[in-house]
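**Student:** Heads up: the protein sequence lines correspond to chains A and B, in order. Quick note on numbering: the first sequence equals residues 1 to 326 in the working numbering. Quick note on numbering: the second sequence equals residues 1001 to 1256 in the working numbering.
Read the hints as simulated data drawn from the structure, not as lab findings. One thing to keep in mind: the hints can contain errors.
[Stated by the list, open to error] Computed list of lysine-lysine pairs in BS3-like fashion (alpha-carbon distance at most 27 Å, straight line):
hint: 1; chain 1: A; residue 1: K107; chain 2: B; residue 2: K1133
hint: 2; chain 1: B; residue 1: K1133; chain 2: A; residue 2: K7
hint: 3; chain 1: B; residue 1: K1054; chain 2: A; residue 2: K132
hint: 4; chain 1: A; residue 1: K5; chain 2: B; residue 2: K1054
hint: 5; chain 1: B; residue 1: K1113; chain 2: A; residue 2: K5
hint: 6; chain 1: A; residue 1: K271; chain 2: B; residue 2: K1054
hint: 7; chain 1: A; residue 1: K7; chain 2: B; residue 2: K1113
hint: 8; chain 1: A; residue 1: K107; chain 2: B; residue 2: K1120
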Amino acid sequence: MGFPKYKAALIFSPLILLILYLSVGKYDLSFDSLEQLLFSDSIDRTIFLNVRLPRAVEAMIFGASMGISGASLQTTLRNPLVSPYFLGISSGAAFGAALSMAIFGYKNFFLIQPSAILFALVAVSLTLGLSKFRGQFSPVSLVLSGMIISALFAGFLSLIQILVEPEKTQAIVAWMIGRLYTITWTDVKVSAPLAILGIIGLLYFRWRIFVLSMGDEEARSLGINVERERLMIILLASIATASVVSVTGIIGWVCLIAPHITRFLVGSDPKILLPASISVGASFMLLADMISRTIWSFEIPVGVITTIIGAPLFLYLMRRAQNEWR
Amino acid sequence: MSGVEAVDLCFSYGEMMIVRQASFELEAGEILSILGANGCGKTTLLKCLNMLLKPEGRVLVDNLDLRTLNGRDLAMLMGYVPQIHSPDFPYRVVDVAVSGRTPRLGFSIPSEKDYDLARKALYRVGVGHLADKFYTQLSGGELKLVLIARALVQEPKVLLLDEPTSHLDFKNRVLVLKILREISKEGISVIMSEHDPNLASLFSDKVLLMMNKGEIVGYGHTKEVLTPENIMKVYGLNIEVFEREGARYIFPKLRG
């Protein structure tokens, strides 16, 4: 077996998009000399190293986390309609982050993330608890419970906005609109370690995720500790999701659409789907943020772009795959 | 003994007794069919045997008490073929079959060698040509054979099958049972639930006849168990018995 073409494409697409991402923007960077760009004391250097680069890195980490978390959850829970967003994980994380900002202040980065992760886990536990019926997660009730919990935490989040001091409200509202234009290296440092931990953990579980998707009893008869391993997978996906949401706010649809684009490209086998969804997620986010930076005279938050691209694209993929999903 | 031994298995959901003191012994390479009316607890008994449910009593495989084993070790001893499998994602047939290697793989991805084993097992049960198809596109019979191949890839000592012939046409029923017969000749004990008493007696060494609420009506060799009295008791049917070339057939008596 040679090196498959799709593997090469999946490895190179985020890299090519990264180079493109770094070279386009409102401020025309001069790329005449890379040496000058990286080492001279100029505005170009500041913009390149402290504005565009951290933002690109965060976009990739965000997309990668969302891609693999969505793909893992869909496979583990045997439901192509679930994603961190639709299970309430994202709303829980956003609420947790906002709560921490309201209590401890919005500059206390290292308190925001634990709170985001904690409430992401609270939210996903509630969703799973609500939808469990006779020990099984029925596909429809899972999606409905997720919507209910998502709405509940979105409500709590609005409540926080109203209750805190005006100065904080502004910061929370600005953070809530999913966006990347405020990202600095600090945000990357805060979100990357746990996000990467979650991604690597899910990759490590990819074979078990495949077997889990055969159904609880069959997985158990193949030697898998179903409850414990499913919990681990949900935990890893929640950590990866909450880590990035705590610095970017909710950027919708990526977690649903990235796994489906990947499914469309490489099929449903988690051995390939999971690693590929990292690349597709990262590429999708780079592309979406590039559009958000360049399409208008001012910046459009990337969450708006992902939703506008995501919703119709999902509809298209859903129609194409209908035969396979049953 | 080498083989399977079940001793006084009991299982109840709350107050309701589903399996009542089921005991049997099966040598390596023998086939046991569990017969009984719909809803009498056949599936429950099978799930007690591989500890998907937690029964009272003991199950021994080669004198090893299954309660003392963890899930992974148990999966290396027993394969399980469920009655219904609903495919959720379009996986390749060979990927499904290779998942039988899981207890021997742990967290690692199957190697080329594992895939070879899976392909061999698929050929063995007659669906080798389907290896690279999506298993969502298979017929009920083909899917069943793929699941049997997966259980074989597990290299178990005991194979449990929940109604392996259900939803199959006449030809595929016989095909599946023939394959199970061949598998058993390699020293694998086969335990299955079955609805057709004649197919059960043609293809098995022993039968276990169950009645409502898990009561065991008879256990042993076909001749001793599938008597007119027992059939009357379990199914409420009058039967006639025919013998031909050493095999014994029963048919419902429609008149009188």
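**Student:** All hints are to be evaluated individually against the structure, with a verdict given for each.
**Tutor:** Okay, the hints, checked on the actual structure:
no. : hint               : result
1   : K107(A) x K1133(B) : violated, 54 Å
2   : K1133(B) x K7(A)   : holds, 21 Å
3   : K1054(B) x K132(A) : holds, 21 Å
4   : K5(A) x K1054(B)   : violated, 49 Å
5   : K1113(B) x K5(A)   : holds, 24 Å
6   : K271(A) x K1054(B) : violated, 33 Å
7   : K7(A) x K1113(B)   : holds, 22 Å
8   : K107(A) x K1120(B) : violated, 61 Å
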